[in-house]
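Could you put the whole structure together from the sequences, leaning on the hints where they help?
Just so you know, the protein sequences line up as chains U and L, in that order.
Everything in the first sequence is counted per our numbering, starting at 7 for the first residue and increasing by one.
Everything in the second sequence is counted per our numbering, starting at 380 for the first residue and increasing by one.
Worth flagging that the hints you see were computed from the coordinates, not collected in a lab.
By construction, the Cβ of each residue, glycine as well, lies at the ideal position given by its N, Cα and C atoms.
Do not take every clue at face value.
[Claimed, not checked] Here are some chain L residues the structure puts well away from chain U; computed CB gaps all over 10 Å:
id : residue
1  : PHE382
2  : SER392
3  : VAL396
4  : ILE398
5  : VAL412
6  : GLU449
7  : ALA469
8  : ILE498
[Said to hold, decoys possible] DEER-style ranges, computed between Cβ atoms:
id : chain 1 : residue 1 : chain 2 : residue 2 : range
9  : L       : LEU459    : U       : ASN90     : 56 to 64 Å
10 : U       : ASN90     : L       : GLU505    : 30 to 38 Å
11 : L       : ASN546    : U       : ASP102    : 40 to 48 Å
12 : L       : GLY537    : U       : SER16     : 31 to 39 Å
13 : U       : GLU111    : L       : GLY526    : 17 to 25 Å
14 : L       : ASN515    : U       : VAL94     : 19 to 27 Å
15 : U       : VAL94     : L       : SER485    : 47 to 55 Å
16 : L       : ALA399    : U       : PRO12     : 18 to 26 Å
17 : L       : ASP389    : U       : VAL94     : 54 to 62 Å
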Amino acid sequence: MIEGTPKTPSVKFDPEKGVIEIKGRSIPENSIEFYKPLVDWLEHYGKSPLNKTLVNVQLEYFNTSSSKCILDVFKKLEAIHKANHDVVINWFYEEDDEDMLEAGEDYESIIRVPFKMIEIDD
Amino acid sequence: MSFNIRNYFDDLSKGDVVIAYKGSITSDLINDVLEAVEKKLDEVNAEGKTRKKLYNVLVESLQNLYHHIEETHEGIEEELDPKFGVLVIAREDGEYKVITGNFVNSSKIKYLKEKIDKINSLNKDELKDMYKFILNHQKLSAKGGGGLGLVDIARKTGSKLVYSFYNYNDNYYFFNLEIKI
Chain U
7 MIEGTPKTPS
17 VKFDPEKGVI
27 EIKGRSIPEN
37 SIEFYKPLVD
47 WLEHYGKSPL
57 NKTLVNVQLE
67 YFNTSSSKCI
77 LDVFKKLEAI
87 HKANHDVVIN
97 WFYEEDDEDM
107 LEAGEDYESI
117 IRVPFKMIEI
127 DD
Chain L
380 MSFNIRNYFD
390 DLSKGDVVIA
400 YKGSITSDLI
410 NDVLEAVEKK
420 LDEVNAEGKT
430 RKKLYNVLVE
440 SLQNLYHHIE
450 ETHEGIEEEL
460 DPKFGVLVIA
470 REDGEYKVIT
480 GNFVNSSKIK
490 YLKEKIDKIN
500 SLNKDELKDM
510 YKFILNHQKL
520 SAKGGGGLGL
530 VDIARKTGSK
540 LVYSFYNYND
550 NYYFFNLEIK
560 I
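Here it is, written out as structure tokens:
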């Protein structure tokens, strides 16, 4: 569990339930440092994942540096899904935030994992 | 006539200015600017969409400065701070304008000009494709820069990136970038 800060999101990872949550704002200047632990955990989890893994992504904003790291996280999830262990990514976006919806659609078109776009009412 | 930073900055600072800064571009500065702008946007009750776009442009352009400015520059006045950059946020005709400035080595100008001209020539869908391509294919630099900042700004604002290069000395130009929100 990583606590959120004004520049980085909170990250929760429950390997026993197969639930991952990334929530908040992601604008660190160097996102590699921040996302590395999560990418490493996923690599490790991927060796014996649960049959179903649920990922909840609820970001208010993320910078372009983070967008690459988030893709790396999704690529690890894609590998798990390809090996026949289901993964579903819930992509949350605020009502009227077309940019965030579009960002989710961008990832959906690159990553071979089912995405659910979920609108949050303000 | 060679480029004079002080005059350039004074010119930019005229008019309805929200923030005018020249000095080192550090992580702390970025935090301070974002906080100050968020507060100011609260005070003037800025519209949600404008806020998000302005915030996006600031994060990306400041982090561009942070990643691309060299520590010190050969032959440049010593009184300028290391990692020297300029940031001005102004209002003009009801629109916000973000202006950034930094030194660029002459060797980098051609690449930068080509990149920006290319971005300016693309429509919304093409920008999306360019963004996705770079996202999927380019590695992050050691400091976390990704080559996506300018594309992202153009895509989200729908504005053309307006730029100038001012000759400073044999090795350096001053790069001025203006984004309308």
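Each hint tested on the structure:
1. PHE382: PHE382 of chain L clear of chain U: closest Cβ-Cβ about 28 Å, beyond 10 Å.
2. SER392: 26 Å, holds
3. VAL396: Label holds. Min Cβ-Cβ 24 Å, cutoff 10 Å.
4. ILE398: 18 Å, holds
5. VAL412: Consistent with the label, VAL412 of chain L stays out of reach of chain U, its closest Cβ about 12 Å off (over 10 Å).
6. GLU449: 16 Å, holds
7. ALA469: 23 Å, holds
8. ILE498: 13 Å, holds
9. L:LEU459 <-> U:ASN90: 56 to 64 Å: 59 Å, holds
10. U:ASN90 <-> L:GLU505: 30 to 38 Å: With Cβ atoms ~37 Å apart, the hint holds.
11. L:ASN546 <-> U:ASP102: 40 to 48 Å: About 45 Å separates the Cβ atoms of ASN546 of chain L and ASP102 of chain U, which means 40 to 48 Å holds.
12. L:GLY537 <-> U:SER16: 31 to 39 Å: Since GLY537 of chain L and SER16 of chain U have Cβ atoms about 32 Å apart, the given range 31 to 39 Å holds.
13. U:GLU111 <-> L:GLY526: 17 to 25 Å: Given about 21 Å between the Cβ atoms, the range holds.
14. L:ASN515 <-> U:VAL94: 19 to 27 Å: 21 Å, holds
15. U:VAL94 <-> L:SER485: 47 to 55 Å: Distance hint for VAL94 of chain U, SER485 of chain L holds at roughly 51 Å.
16. L:ALA399 <-> U:PRO12: 18 to 26 Å: With a Cβ separation near 24 Å, ALA399 of chain L and PRO12 of chain U satisfy 18 to 26 Å, so the hint holds.
17. L:ASP389 <-> U:VAL94: 54 to 62 Å: 56 Å, holds
The structure meets every hint from the earlier list without exception.
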